[in-house]
Amino acid sequence: MSMRALLHHRLAPVAAIAVILLLLPLLFPSTYYYRIGALVFIFALASLGVNLLMGFAGQVSLGHAGFLGIGAYAVAIGATHLGAPSWLSILGGASLSGLIAFIVGRPILELKGHYLAVATLGFGLLVAIVLTNEAAWTGGPDGMLVPHLVLFGFPLRGSQAWYWIGGITFVVGMVLALNLIDSPTGRTLHAIHDSEVASRMLGIDVARHKLVIFVISAIYASVAGSYLALLNELITPDVSGFLRSIELVAMVVLGGMGSVIGSLVGAALLIVLPQILTILQEYEQMVLGIVVMGFMIFLRQGIVPGIAAALGRMRT
Amino acid sequence: MKVLEVERLSIAFGGVRAVSDVSLAVSSGLVFSIIGPNGAGKTTLLNLISGIYAPQDGRVRLGSEDVTGLAPHLLARRGLSRTFQNLQLFLRMTVLENVMVGRHRHESTSILSNLLHLPSVSRQNLQTREAARSGLARVGLAAKAERPAGSLAFGDLRRLEIARALASEPKVLLLDEPAAGCNPVETEELDGIIRSMVKDGVTVVLVEHDMRLVMNVSDRIHVLANGRTLAEGTAAEVRSNSAVVEAYLGVHGSEEAARAFG
Chain A
1 MSMRALLHHR LAPVAAIAVI LLLLPLLFPS TYYYRIGALV FIFALASLGV
51 NLLMGFAGQV SLGHAGFLGI GAYAVAIGAT HLGAPSWLSI LGGASLSGLI
101 AFIVGRPILE LKGHYLAVAT LGFGLLVAIV LTNEAAWTGG PDGMLVPHLV
151 LFGFPLRGSQ AWYWIGGITF VVGMVLALNL IDSPTGRTLH AIHDSEVASR
201 MLGIDVARHK LVIFVISAIY ASVAGSYLAL LNELITPDVS GFLRSIELVA
251 MVVLGGMGSV IGSLVGAALL IVLPQILTIL QEYEQMVLGI VVMGFMIFLR
301 QGIVPGIAAA LGRMRT
Chain B
1 MKVLEVERLS IAFGGVRAVS DVSLAVSSGL VFSIIGPNGA GKTTLLNLIS
51 GIYAPQDGRV RLGSEDVTGL APHLLARRGL SRTFQNLQLF LRMTVLENVM
101 VGRHRHESTS ILSNLLHLPS VSRQNLQTRE AARSGLARVG LAAKAERPAG
151 SLAFGDLRRL EIARALASEP KVLLLDEPAA GCNPVETEEL DGIIRSMVKD
201 GVTVVLVEHD MRLVMNVSDR IHVLANGRTL AEGTAAEVRS NSAVVEAYLG
251 VHGSEEAARA FG
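Protein chains in written order, with our numbering: chain A, 1 to 316; chain B, 1 to 262.
Don't read these hints as lab results, they were simulated from the structure.
There are no misleading hints in this set.
Label pairs and their computed distance ranges (CB to CB):
| # | chain 1 | residue 1 | chain 2 | residue 2 | range |
| --- | --- | --- | --- | --- | --- |
| 1 | B | Thr234 | A | Gly312 | 50 to 56 Å |
| 2 | A | Leu111 | B | Asp200 | 38 to 44 Å |
| 3 | A | Ala15 | B | Met211 | 56 to 62 Å |
Partial chain A-side listing against chain B, Cβ under 8 Å, derived:
| # | residue |
| --- | --- |
| 4 | Leu176 |
| 5 | Asn179 |
| 6 | Thr185 |
| 7 | Arg187 |
| 8 | Ala191 |
| 9 | Ser195 |
| 10 | Leu202 |
| 11 | Asp205 |
Which stretches of chain B does chain A cover? Using the computed rule of at least three CB atoms under 8 Å from a CB of chain A, they are:
| # | segment |
| --- | --- |
| 12 | 77 to 85 |
| 13 | 88 to 96 |
All values reported here derive from a predicted model rather than from experimental measurement.
Glycine residues also receive a C-beta, built at the ideal position from the N, C-alpha and C atoms.
Based on the provided sequences and hints, a complete structural model is requested.
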């Protein structure tokens with residue numbers, strides 16, 4: 001295969017991210033940085049799920065933190081109340097999220113635009129309320145402790161372990177997403193985004209395809225939620241709160257709608273930037289807001305597609 | 001053989017009877033045109049036939065099957081496709097990808113094999129791409145295959161929409177004002193494209209305002225006015241029908257026309 005063909009291969013971005021994942025720790029001065037890295041990859045995974053739904057299929061969700069919450073509480077409740085091993089709880093949470101997305105998605109995805117946004121927002125709020133109120137199971141607003149993951153007899157805990165688990169899972173998530181995009185299903189989703197009526201007229205079952213991608217995106221968010229809980233070893237209902245949902249959407253829009261790498265860039269920006277800006281103390285939030293606005297004004301398509309377009313212009 | 005039959009089809013919007021009691025039968029392998037003044041109900045009739053609206057009364061038969069009230073995607077799978085007066089293209093996809101989506105009903109879309117990108121998916125992509133390329137060549141857009149659809153000129157977009165519809169290999173293709181916004185050269189090309197697809201066995205139902213195109217290409221013409229059937233016949237019959245001329249030009253105009261054409 002020629003160099004050019006390699007660079008244009010569907011999975012070329014995966015190789016780039018895998019290299020970054022491997023080499024990044026060389027720059028880490030302390031284990032604290034592993035924690036930031038782990039958070040970036042975990043949120044990038046959730047944001048990638050939202051991106052598949054929003055960036056590719058064009059269906060907005062302001063409630064995806066609901067699935068983050070389901071995944072997070074699955075590992076907490078699974079271990080505490082059901083005595084299930086954490087790895088099984090991750091799978092259980094993902095299955096439950098997929099099932100709930102399947103049930104909720106049918107009626108919700110009939111809606112379009114603002115109506116869909118509000119309906120998904122309602123779903124997210126509902127999950128947060130259940131997690132807050134069902135204190136017997138969830139510990140209520142105080143949340144609950146999450147026992148760490150044990151795999152094949154090895155305990156996996158701490159920032160370093162979750163950097164690698166989160167990073168590798170994100171890379172796998174990327175492979176699946178890129179596979180899907182370059183397939184009949186991917187083209188179908190893109191088509192639905194651009195014109196639903198034309199899609200229907202070509203034989204596409206629009207409702208079914210929207211539902212499929214809603215379920216897949218819910219599973220991405222759920223796995224990310226489980227990882228987040230296992231990394232933090234403590235979970236509160238905030239994980240499924242409205243602000244978390246907004247944050248996921250912001251990561252997608254900032255990084256670039258429909259850009260797989262964009263999800264990682266968006267997540268990195270919204271997680272690393274507040275850490276850097278803490279040196280500004282009380283001005284932190286204000287500067288963060290200005291930076292985010294600046295990115296949106298100057299790179300409206302999102303950071304990754306925006307830069308790609310600029311490079312393309314320079315070459316010609 | 002009739003491939004498409006419409007029987008006493010009616011729909012009203014808030015008391016306005018947009019289509020009322022319309023019946024027609026389209027024979028296989030012909031160009032069947034539907035004409036009429038603005039507001040006659042032509043596009044509404046197409047929307048009823050293509051499943052976008054459900055009729056309040058009447059039946060639609062595709063081949064030997066009653067398809068009344070069936071959703072558009074189910075009709076498409078039975079071999080009915082259409083284009084749109086106001087163009088419904090996937091503007092953010094490339095020209096080629098647009099036509100590739102047209103192949104949807106011939107592709108298998110098992111979600112699991114798509115996620116894992118099994119070898120069958122690569123094969124499928126290759127086949128679909130080849131079929132789409134030859135479809136583009138057919139309407140003269142092969143050179144623009146990799147461009148974003150949104151960057152095409154209007155006339156090219158019209159042809160792209162036809163190529164996409166043809167990619168689904170329909171038995172019946174409904175064309176909703178394909179010449180609208182096209183220049184005379186493009187309209188001439190359209191004439192050729194319609195003839196070539198009929199030769200390939202596609203039955204064409206054409207809604208069009210460009211009378212030269214309609215008169216040239218149609219085997220049968222159905223005239224609507226105010227949501228009702230006014231006349232039906234060959235081009236020559238319709239042209240000499242005084243009720244049709246009146247509907248288009250008004251009573252005074254028709255007298256003028258009669259004098260002018262002798």
